[in-house]
Each structure stands twice: as C-alpha cells, then as structure tokens.
Amino acid sequence: MRTTRHVERRTFLKAAGASLATVGLTAAGCGGGSGSSGGGPVTIRYAWWGADDRAKKINESIALFEKKHPKIKVKTDFQPYVDFWKKFNTQAAGGNPPDVIQNAVTFLRKYAARNVLLDLNPQVQAGNLSTDNFRAGLEKFAEIDGKLLGLPVGSNSMSYIIDEKVYEKAGVTPEFGWTWDEWYAGLQKIKSRTGVPGDSGPHSIMYYYDLKLRQQGKAFFTEDGLGFQESDLEAEWTEAMKRIRSGVYSDAKKVEQIKPKAATAGGLSAGEFTWDNFTVRYAAEGKSSYGIAPIPTTDGKKTGQYLGSLMLSGTARTKHPEEVATFINFMVHDPEVGRIMGYDRGVLSTTEQFEAFEPTDKVSKQISEYETKIAETGVLEPITPHPAGADVIEAAFLRLATEMSLDKASPGEAVDKFFTEAKTAFTANA
Amino acid sequence: MTLTLDPTSSNRRRHAGSLGWHLGALAVLAVVLYPVVWVLGGSFKPGNEIIGSLDLLPTDPIVANYTRLTEGIAGIPISTFFVNSTILAVGSVGGVVISCSLAAYAFTRIRFAGRNLLFTLMIGTLLLPYHVLMIPQYVLFQKLELINTMVPLLLGKYLAVDAFFVFLMVQFMRALPKELDEAARLDGCGHLRIYWSIVLPLCRPALITSAIFTFINAWNDFMGPLLYLNEPEKYTVSLGLKMFVDQDAVADYGGMIAMSLVALLPVLAFFLAFQRYLIDGMATSGLKG
Chain S
33 MRTTRHVERR
43 TFLKAAGASL
53 ATVGLTAAGC
63 GGGSGSSGGG
73 PVTIRYAWWG
83 ADDRAKKINE
93 SIALFEKKHP
103 KIKVKTDFQP
113 YVDFWKKFNT
123 QAAGGNPPDV
133 IQNAVTFLRK
143 YAARNVLLDL
153 NPQVQAGNLS
163 TDNFRAGLEK
173 FAEIDGKLLG
183 LPVGSNSMSY
193 IIDEKVYEKA
203 GVTPEFGWTW
213 DEWYAGLQKI
223 KSRTGVPGDS
233 GPHSIMYYYD
243 LKLRQQGKAF
253 FTEDGLGFQE
263 SDLEAEWTEA
273 MKRIRSGVYS
283 DAKKVEQIKP
293 KAATAGGLSA
303 GEFTWDNFTV
313 RYAAEGKSSY
323 GIAPIPTTDG
333 KKTGQYLGSL
343 MLSGTARTKH
353 PEEVATFINF
363 MVHDPEVGRI
373 MGYDRGVLST
383 TEQFEAFEPT
393 DKVSKQISEY
403 ETKIAETGVL
413 EPITPHPAGA
423 DVIEAAFLRL
433 ATEMSLDKAS
443 PGEAVDKFFT
453 EAKTAFTANA
Chain X
3 MTLTLDPTSS
13 NRRRHAGSLG
23 WHLGALAVLA
33 VVLYPVVWVL
43 GGSFKPGNEI
53 IGSLDLLPTD
63 PIVANYTRLT
73 EGIAGIPIST
83 FFVNSTILAV
93 GSVGGVVISC
103 SLAAYAFTRI
113 RFAGRNLLFT
123 LMIGTLLLPY
133 HVLMIPQYVL
143 FQKLELINTM
153 VPLLLGKYLA
163 VDAFFVFLMV
173 QFMRALPKEL
183 DEAARLDGCG
193 HLRIYWSIVL
203 PLCRPALITS
213 AIFTFINAWN
223 DFMGPLLYLN
233 EPEKYTVSLG
243 LKMFVDQDAV
253 ADYGGMIAMS
263 LVALLPVLAF
273 FLAFQRYLID
283 GMATSGLKG
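Chains as they are written, first to last, in the working numbering: chain S, 33 to 462; chain X, 3 to 291.
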C-alpha cells in the first residue's frame, strides 16, 4: 500500500507538472516579446493619457516620425488620466517605465525626487534636442535644480469660461482687469436678471485659489509646502458657502449630479474657471455659445496667470537616451506634427508649430487669441513646479471642498482635514 | 380574467392578494432595472444628450453609436479587444477548473504532513489585499520578462492561486461519500483515476459555479490588464471601454455605452449557457442515496 501510494503521488505530480508546462507554452504564445534587439532598429515606448481622438493624431505623428527616422520604432500605450498615473506609478516602482511619457507639472517634482525622469540637458548639449524657439519662456518650464526634465508640447492657461448668451441677456460685459468685486457684482446681476446662478462655485478648484493667492504675491505651493494659512482658506470657503446659499453659486448637488458634464455646459451656471483648452468640450457638450473671459484681479492689473503645460519627459532608466531625445525633439519642433496635433494638448509651444497650425474652428481661434492677448498684456508669471505630493493634495482639495459644499462638513472641519492630509502627503513624499 | 370567472369571495381575495403581490414585485423590478433600461436607451441617444439626463428613452433614436463601433478605436478594430478578452476569460476558466479542483482533491482525499497548516495558509491568502501584491508581483513578472504578455494574467489561475474556488471545491468534495473512492480503489484506481472518473463528475455544480465566476471576473478585470498589457492591440474589452473618455478631450459617451452593451453579451451568453448545468447538477446530486 505504501509503495503504490508513493508512485501515485509521483505520477500525480508529473501530470501536474506537464499540464503546467503546456500552459506556460500556450500562454507565452499569446503575446510577442517587447524590447529592442541590438544592431537593428531601436524600439522606444511612448505612453500618454487621452482618448480615441488624441490617439489618431498621435499615431499619425508617429508614422511621420518613423518615416523620417527609419531606425527608430515607437510603440504607444494610452489610458485615461487617472489610470495612466496608476499604471505609470507601478511601472516606475517596478523599474520598467516607458521611455517617453506625457507629463504634467503636478507630477514633475514627485518623479524627479525619485530619479525616475531623464535629465535632457546632456542631450541638448550633444545636439540631439533643441530648446530654441519656445514661446513665452516655455523651455524653462520643467527645469528643476539645473536638470531639464521635460519639454512642453503645448501651453494652456487658467481661464474663465462664460455662457455668452446668458451674459448678453443680463447685460454683463467682462473686461480685462476687472476686479473680484466687479466680477461678483456681475454674478449677482446675472442671478437676479436671468435666474441662472452666476458661477458653478470655484472653491474646489485648486488652480483658481492659486490665482487669487498669486495676485496677493503668494502661491498655493511653495517649493516644499503650502503657501497659505488655515485662516486664509477658511475665510475663502466660508464665503463660498454663503454664496451657494444665496444662489449666486450653483447648487452643489446639481453640479455633482451632472458630472462628468461641466456645470456651465449643462446650463447650471453662467460661467466657471477652467483651463482654456477645455473650451472645446463646452462647445461639444453644451447648447449655448461659449467664450473665454479674462480672469478677475485684485489690483486691477495682476491676474496671477501663468502658462501651464503638458510636456514630454524621458525616463532615467531608458537604454536609448539619444533616440528618446530625437523623438521628443521631433514631436515639439516639427511643423507637420504641429499641423496634425493642433491645440489638442494646448496651444502649440514652439514657434515652428504655432505658425504652422492655422486654427479654423471658432473655439481654437478663441483659445489662440486668448493666449496671445494674455502674453501681450504681460500678465504671465513664471511657475514654480509643484512639490512632490501635489497630485494627492490637489485631489484632497477637490474632494474636501465638494464635501463641504454638499453640507457634509463645515468649512472649519474641511480646512482642518485638508491641512492634515496635506501634511501627510508631504511627509510621504519627503 | 380569472377574477370575473371565479365565483367565491375567498378565491377572489386570494387573487387580489396575488395581483397586489405581483404589482409590487413589478414596481421593485422597475426600480432595479431602471439603470439597465437607461443605458439601453442611452445607447440610442446622441452623445451630448446622454450625460446629465434622466430620460429613459431617446426622443430621436439613432443607431450612430453602434455603427460608430465598426470604425474601431484609435485605429484598432473592436473585435481585437473581444478576441483578447475571450482568450483571457476562457484561459482563466480552464486554469481555475483544473488547478483548483486538483488542489481541492489533494486537500480532501490525500493525507499528508502539514495539510491543515497549508489549508489555513491558503485561506489566509484570501485576506491579503490585491494592492499589497501589485508592485512585488509586477517586479517579479518584469524580471521574468513576461510584461506585455498574457502570462502574468493567466499563470496564477493555473497554479490554484484563487483560494476562494479551492475552498469552494474542498467544501463540496468533503460532502462526497468516501465509500465511492474506496469502491474505486478496490477496482484498482489510483488517485488520478479517482479524481478524473469519480470526484470530478460529481463536483460538476462546484466546477460550473467556479467557471461562471472566473469567466465574469476575468472578462471584467481592469487592473490586471491595465498594468501588464502595454500595447493597445493587446488590450481587453475593459481597457477598450476606457478609450472613449478622457478628461482632456471631448468624450464619446455614446460609443462607450454602445460598446459596454455589446461587451455584456458574451458574459450573458456564458451565464445562460452554463446556469442550466448548475441547476441540473444540484438536482441530481440531491437525489443520491
């Protein structure tokens, strides 16, 4: 009995082993290998966030790049914004990030601190990458501690989107240099004359509060922390609650319900703060006509605006820094790529591309005019790259302000929670 | 109809009660089905009428959302995603059914040292959250150079990693009478033969249950394919669905909703095809003496 049992166990294991081996083989057959072979064409991986529409444009640009640089193959991978960063975070931790990524200022210091991003300066010196011809000093956008960690593909700026029809009906005309008081008086007028709330409620938008602080010579973020006090934010949020109750800001519940559609596009308010390149969405989602209004000011001059941007960054572990630089160089400078991409990721950042693309639709023209105008009026300021942890803090700011406006927390409680969470985020990333 | 034909009042009362009961059930059903009908109606609405509208049915039904699917996403035909998902889901089902039943057989029919300890440890893995394993697992597969293949998504299924299904089958196999094994052994069967000819056929309901759940889980899995697949051509349906919408761009909700309905069909078909066996299996196992 004993011996037979032994034999049985062995055959049993053998069978199990054999079935596993076949599984391994069939599974390996499912996916081809990645990575590059020596000598032949080099393959680099390029990951970005976006959807179908951007994918088509990027595929077209890459086809052009591969035609001009037959020795470099580019493989792309894309997800929506939130999933993109989840995936990138795991890849970076696993030591297998893509060679080139689309990047944003919120994540710059975070990954710079972990040495995930490639310093492009040596490539600039070697002549593989040019920092010439960038508009409005954008080439300095991703420079941290003397390292060049990315180059912008497009610029965008915080702006005030308005429902033109409602503004016209109420007889309110926004002008460059209008103050916050004039703006608020306008909102009240809109509410009383048309019944539409004047604004969707800006209190949950970190970049709106950043503008206000910048107008007072402060900023939302310093290099390693928050640039304001609990009392500042509590005053801001208490006032916002008052305005929601009076109906000048939209009912927060309705704003939440209509998401992901923007409240202004859904007719819930006459205007809201958002990035100028998001205007495209309003025209597509809403039924009215939409325009970009100037940002209200504190002293009649300073708007606190700066050009933000999406950029392309290389990753430090890449085996092909030269090819990465060649690719980024092509994507930011080639006029044909500019014509293909248009203002998909903001107003094109280099003069070659900016001049090559003639916007034909109304919205793109508006965005282009808006950015040219704010550049001419000289309101643009340099941006400080956000400290590591800024991405978590931005999300917390949005969440807590929303909870407050839904009456789940008082302004005082929300502010306390925000400061605690901010502190945790900074420590976790220190 | 029966109400008017029925003469007695007690019958009438009973019918009225049953009518009320059915109406009430229908009302609850309507509430439960509301989201499904909304999605169904939404798939026939133009994109900008979908979001922020509670209307069930479109005012002007259009089929553009469905015809749009034939264009594919980002230059990749929709069928690619379905093929990938099918490979993943069917592969997972095969793996779970074979490996988990083998593991369960070992736990119930073979006495070996440390059996109870191993069983406890296996149950313990149920308590381990996926997010803890995510990065170490990624590093492991990256070192094995298996990223961007289906292997990381399938391998675990063939190694009986799904402790829940092992547990389910163990519970089921424990209820099978030992006498059947002993009779088979007297006839000269080894473990493999007992497993294959005696235990496995009797376990059919447990196997079917595991198969259905594995199929649904694998078909809907998002995090795994998101992390391990690096080329849109290898994406599964759950990843493909997300390609319609991004915060930066004009979202194509119409396309997304139409595709999510199409994506439901295989899961529904799989369930309908196998639930028959599920009930069948329970009925027959209940009859044994």
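Please keep in mind that the hints were generated in silico from the structure rather than gathered at the bench.
Don't take each hint at face value.
Unchecked claim - DSS-like cross-link-like pairs, simulated, lysine-lysine; straight-line CA separation at most 27 angstroms: (1) K89/S to K99/S; (2) K145/X to K105/S; (3) K285/S to K145/X; (4) K88/S to K118/S; (5) K351/S to K145/X; (6) K319/S to K394/S; (7) K449/S to K291/S; (8) K197/S to K179/S; (9) K319/S to K172/S; (10) K180/X to K319/S; (11) K351/S to K103/S; (12) K286/S to K244/X; (13) K99/S to K145/X; (14) K179/S to K394/S; (15) K274/S to K286/S; (16) K88/S to K99/S; (17) K244/X to K291/S; (18) K180/X to K88/S; (19) K334/S to K118/S; (20) K334/S to K88/S; (21) K118/S to K145/X; (22) K118/S to K89/S; (23) K274/S to K449/S; (24) K244/X to K118/S; (25) K274/S to K172/S; (26) K105/S to K286/S; (27) K274/S to K89/S; (28) K285/S to K201/S; (29) K180/X to K107/S; (30) K244/X to K105/S; (31) K449/S to K201/S; (32) K244/S to K334/S; (33) K244/S to K285/S; (34) K201/S to K179/S; (35) K244/X to K89/S.
Claimed, not checked - Restraint ranges, calculated between C-beta atoms of paired labels, are given here: (36) P48/X to D439/S: 55 to 63 angstroms; (37) S81/X to D256/S: 48 to 56 angstroms; (38) P73/S to G77/X: 47 to 55 angstroms; (39) G77/X to N165/S: 41 to 49 angstroms; (40) E387/S to M225/X: 25 to 33 angstroms.
Computed from a predicted model, the values in this text were never measured in an experiment.
Glycine included, C-beta positions come from ideal geometry on N, C-alpha and C.
Tested hints:
A hinted pair counts as satisfied when its Cα atoms are at most 27 angstroms apart, and K89/S with K99/S qualifies at roughly 16 angstroms. Among the hinted pairs, K145/X with K105/S is consistent with the structure: their alpha-carbon atoms are about 23 angstroms apart, no more than 27 angstroms. Proposed proximity of K285/S and K145/X is contradicted: the alpha carbons are some 48 angstroms apart, above 27 angstroms. This hinted pair checks out: K88/S and K118/S have alpha carbons roughly 23 angstroms apart, not beyond 27 angstroms.
For the proposed pair K351/S and K145/X, the alpha carbon gap of about 16 angstroms is at most 27 angstroms, so the pair holds. Restraint check for K319/S and K394/S: the C-alpha separation of about 15 angstroms stays at or below 27 angstroms, so the hint holds. Between K449/S and K291/S the alpha-carbon distance is near 24 angstroms, which keeps this suggested pair within the 27 angstroms criterion. For the hint linking K197/S to K179/S, the alpha-carbon distance of about 47 angstroms lies beyond 27 angstroms, and the restraint is violated.
A distance of roughly 39 angstroms separates the Cα atoms of K319/S and K172/S; the hinted pair therefore is violated under the 27 angstroms criterion. For the proposed pair K180/X and K319/S, the alpha carbon gap of about 72 angstroms is over 27 angstroms, so the pair is violated. For the given pair, K351/S sits about 15 angstroms from K103/S by alpha-carbon distance, which is consistent with the 27 angstroms threshold. Of the pairs offered as hints, the one joining K286/S and K244/X holds, with about 25 angstroms between alpha carbons and a cut-off of 27 angstroms not exceeded.
For a cut-off of 27 angstroms, the pair hint linking K99/S to K145/X is broken: about 33 angstroms separates their Cα positions. Of the supplied pair hints, the one linking K179/S and K394/S is violated, its CA atoms being roughly 39 angstroms apart against a limit of 27 angstroms. This hinted pair checks out: K274/S and K286/S have alpha carbons roughly 17 angstroms apart, not beyond 27 angstroms. Note on K88/S and K99/S: the hinted pairing holds, with a Cα-Cα distance of about 17 angstroms set against a maximum of 27 angstroms.
A threshold of 27 angstroms between alpha carbons decides the hint, and for K244/X with K291/S the separation of about 17 angstroms falls inside it, so the pair holds. Taking the CA atoms of K180/X and K88/S, the gap is near 62 angstroms; set against the 27 angstroms cutoff, the hint is violated. The hinted pair formed by K334/S and K118/S fails the criterion: a straight-line CA distance of about 37 angstroms is larger than 27 angstroms. The straight-line distance between the Cα atoms of K334/S and K88/S is roughly 39 angstroms, outside the 27 angstroms bound, and the hint therefore fails.
For the proposed pair K118/S and K145/X, the alpha carbon gap of about 20 angstroms is at most 27 angstroms, so the pair holds. At most 27 angstroms may separate the alpha-carbon atoms for a hinted pair to count; K118/S and K89/S meet this at roughly 24 angstroms. Under the criterion of a C-alpha separation no larger than 27 angstroms, the hint pairing K274/S with K449/S is consistent with the structure, at around 20 angstroms. With a CA separation close to 14 angstroms, the supplied pair K244/X and K118/S stays within the 27 angstroms bound.
Distance restraint check for K274/S and K172/S: the Cα-Cα separation of roughly 41 angstroms exceeds the 27 angstroms cut-off, and the hinted pair is therefore not satisfied. With a C-alpha separation of about 48 angstroms, the suggested pair K105/S and K286/S falls outside the 27 angstroms cut-off, and the hint is violated. Of the pairs offered as hints, the one joining K274/S and K89/S is violated, with about 45 angstroms between alpha carbons and a cut-off of 27 angstroms exceeded. A hinted pair counts as satisfied when its Cα atoms are at most 27 angstroms apart, and K285/S with K201/S qualifies at roughly 26 angstroms.
The straight-line distance between the Cα atoms of K180/X and K107/S is roughly 57 angstroms, outside the 27 angstroms bound, and the hint therefore fails. With a C-alpha separation of about 26 angstroms, the suggested pair K244/X and K105/S falls inside the 27 angstroms cut-off, and the hint holds. Between the alpha carbons of K449/S and K201/S the distance comes to roughly 41 angstroms, so the proposed pair goes past 27 angstroms and is violated. For the hint linking K244/S to K334/S, the alpha-carbon distance of about 10 angstroms falls within 27 angstroms, and the restraint holds.
Between the alpha carbons of K244/S and K285/S the distance comes to roughly 25 angstroms, so the proposed pair stays at or under 27 angstroms and holds. At roughly 51 angstroms between alpha-carbon atoms, K201/S and K179/S are farther apart than 27 angstroms, so this suggested pair is violated. Using a Cα cut-off of 27 angstroms, the hinted pair K244/X and K89/S holds, with the two alpha carbons roughly 18 angstroms apart. Against the hinted window of 55 to 63 angstroms, the Cβ-Cβ separation of P48/X and D439/S comes to about 35 angstroms, which falls outside the hint.
The hint said 48 to 56 angstroms for the Cβ distance between S81/X and D256/S, and at roughly 51 angstroms that hint holds. In this structure the supplied range 47 to 55 angstroms is violated for P73/S paired with G77/X, their Cβ-Cβ distance being about 21 angstroms. A hinted range of 41 to 49 angstroms for the beta carbons of G77/X and N165/S is inconsistent with their spacing of about 31 angstroms. For E387/S and M225/X, the hinted distance range of 25 to 33 angstroms is not satisfied, since their beta carbons lie about 44 angstroms from each other.
The structure shown violates the earlier hints numbered 3, 8, 9, 10, 13, 14, 18, 19, 20, 25, 26, 27, 29, 31, 34, 36, 38, 39 and 40.
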